[in-house]
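Enquirer: Listed below are the residues making up each chain.
There are 2 protein chains.
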Amino acid sequence: MNIGQAAKATGISTKMIRYYESIGLVAAPHRTESGYRVYLDDDLHALRFINRARDLGFSVEQMRDLLTLWRDRDRASADVKAIARAHIAVLAEKARALAAMSETLQHLAETCHGDDRPSCPIIEKIAAAVPSSGRPANRPRFGIAQLH
Amino acid sequence: MNIGQAAKATGISTKMIRYYESIGLVAAPHRTESGYRVYLDDDLHALRFINRARDLGFSVEQMRDLLTLWRDRDRASADVKAIARAHIAVLAEKARALAAMSETLQHLAETCHGDDRPSCPIIEKIAAAVPSSGRPANRPRFGIAQLH
DNA sequence: CTTGACCTTCCCATCATGGGAAGGTGTATC
DNA sequence: GATACACCTTCCCATGATGGGAAGGTCAAG
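Top line first, the protein sequences correspond to chains P and L.
With our numbering as the guide, the letters of the first sequence map in order to residues 519 to 666.
With our numbering as the guide, the letters of the second sequence map in order to residues 519 to 666.
No lab work stands behind these hints: they were computed from the structure.
Note that the coordinates shown come from a computational prediction; the quantities given were computed from them, not determined experimentally.
Careful: at least some of the hints might be erroneous.
Intra- or inter-copy, both count: the list cannot distinguish identical chains.
Said to hold, decoys possible - Taking lysine to any residue and the SDA-like style, the derived pairs with C-alpha atoms no more than 20 Å apart in a straight line are:
#, residue 1, residue 2
1, Lys533, Lys643
2, Lys526, Glu621
3, Lys643, Ser531
4, Lys533, Asp597
5, Lys643, Glu621
6, Lys643, Asp559
7, Lys533, Gln624
8, Lys533, Asp592
9, Lys643, Leu585
10, Lys643, Ile521
11, Lys526, Ala646
12, Lys526, Ala618
13, Lys526, Ser552
14, Lys526, Arg536
15, Lys526, Ala627
16, Lys533, Arg591
17, Lys643, Ala600
18, Lys643, Ile601
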């Protein structure tokens with residue numbers, strides 16, 4: 519099985535399959551004489567595992583840990599659960615932060631006529647913060663760019 | 519006012535203030551004879567505007583648009599509202615996606631004993647997808663890395 | 001034997017942000 | 001005045017996960 523077929527079979531792009539190999543997240547597969555990568559069932563299982571972990575928002579480094587635990591038949595389920603729980607908390611906090619932004623903006627938008635006139639509470643409140651939207655100086659920022 | 523003081527006054531790091539200047543998001547401030555940047559009230563207003571827009575999850579390009587609209591006294595409030603509404607939808611969708619991940623993982627974690635024994639439904643279900651967690655092939659991915 | 005679909009490696013871009021080096025400036029204290 | 005220290009300048013590099021694209025090799029069908 520070539521890399522393109524493996525990509526279709528696992529839902530991971532060829533680019534990313536090569537990337538995961540380059541950073542050692544997955545083992546290098548066999549090669550044909552001409553240098554083509556050949557994927558076997560075990561390779562595909564690992565890639566599918568990665569795809570599902572990725573869908574759950576795990577980072578590459580977390581997936582590395584999960585793959586190690588997956589392969590270790592003697593690991594304690596507590597080890598897996600600890601990773602999961604930490605991740606759940608981070609996901610929930612990011613979701614909360616985004617929802618809060620959305621709602622704040624929604625409130626602002628509701629008070630904006632949205633017609634030809636220039637008066638616009640949205641931009642006015644961004645220009646001069648209302649107390650309720652003030653960020654207490656050192657609360658961690660959760661802008662879009664900080665969400666990974 | 520030097521850049522460090524401007525940073526404290528606006529909540530934007532010196533690094534980012536210089537960056538916003540370099541990409542033309544804010545105008546270059548005056549300089550002292552020795553080359554130090556000097557920030558005046560107008561500069562600070564713009565930086566505070568940016569900080570608040572950033573707290574609402576707006577991207578640099580969206581902030582560029584918002585700043586233009588802010589400075590244009592004759593703009594239609596509909597123009598501002600359109601940007602806000604598009605952004606609200608994106609934020610809400612990202613929040614939803616993250617919350618869904620968190621909940622899926624939460625369900626898995628609840629069925630895991632989290633003790634010394636190796637049996638762990640979390641990792642087993644990542645290894646062999648359950649139907650309910652299957653991603654319908656071409657639904658847009660919303661992993662952590664795609665959230666910006 | 002040509003065509004076209006694949007494969008290979010390599011480099012570059014994204015987005016917003018921080019780190020750090022190498023060197024200049026400004027001010028308070030000895 | 002000199003020394004120390006905090007600040008400023010520009011410049012380059014890194015992040016994380018992903019895609020784009022170039023330049024060239026391989027394979028199978030017509």
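Enquirer: Against this structure, judge whether each hint is valid.
Expert: Tested hints:
1. Lys533 to Lys643: Classified as neither: same-chain Cα gap 44 Å, cross-chain 26 Å, threshold 20 Å.
2. Lys526 to Glu621: neither (38 Å within a copy, 27 Å between copies)
3. Lys643 to Ser531: neither (43 Å within a copy, 22 Å between copies)
4. Lys533 to Asp597: Neither. Shortest intra-copy (31 Å) and inter-copy (39 Å) distances fail the 20 Å Cα cut-off.
5. Lys643 to Glu621: Within one copy only: 14 Å inside a chain, 34 Å across chains, cut-off 20 Å.
6. Lys643 to Asp559: between (57 Å within a copy, 18 Å between copies)
7. Lys533 to Gln624: The answer is neither: 38 Å in one copy and 31 Å across copies each exceed 20 Å.
8. Lys533 to Asp592: For Lys533 and Asp592, the Cα distance exceeds 20 Å both inside one copy (33 Å) and across copies (48 Å).
9. Lys643 to Leu585: Answer is between; shortest inter-copy Cα gap is 13 Å, intra-copy 48 Å.
10. Lys643 to Ile521: Cα proximity of Lys643 and Ile521: none, with 52 Å in one copy and 25 Å across.
11. Lys526 to Ala646: between (51 Å within a copy, 17 Å between copies)
12. Lys526 to Ala618: neither (37 Å within a copy, 25 Å between copies)
13. Lys526 to Ser552: This pair counts as neither: shortest intra-copy Cα distance 22 Å, inter-copy 60 Å.
14. Lys526 to Arg536: within (14 Å within a copy, 44 Å between copies)
15. Lys526 to Ala627: neither (42 Å within a copy, 29 Å between copies)
16. Lys533 to Arg591: neither (31 Å within a copy, 48 Å between copies)
17. Lys643 to Ala600: between (42 Å within a copy, 16 Å between copies)
18. Lys643 to Ile601: between (40 Å within a copy, 15 Å between copies)
Violated hints, listed in ascending order, are 1, 2, 3, 4, 7, 8, 10, 12, 13, 15, 16; each of the other numbered hints is respected by the structure.
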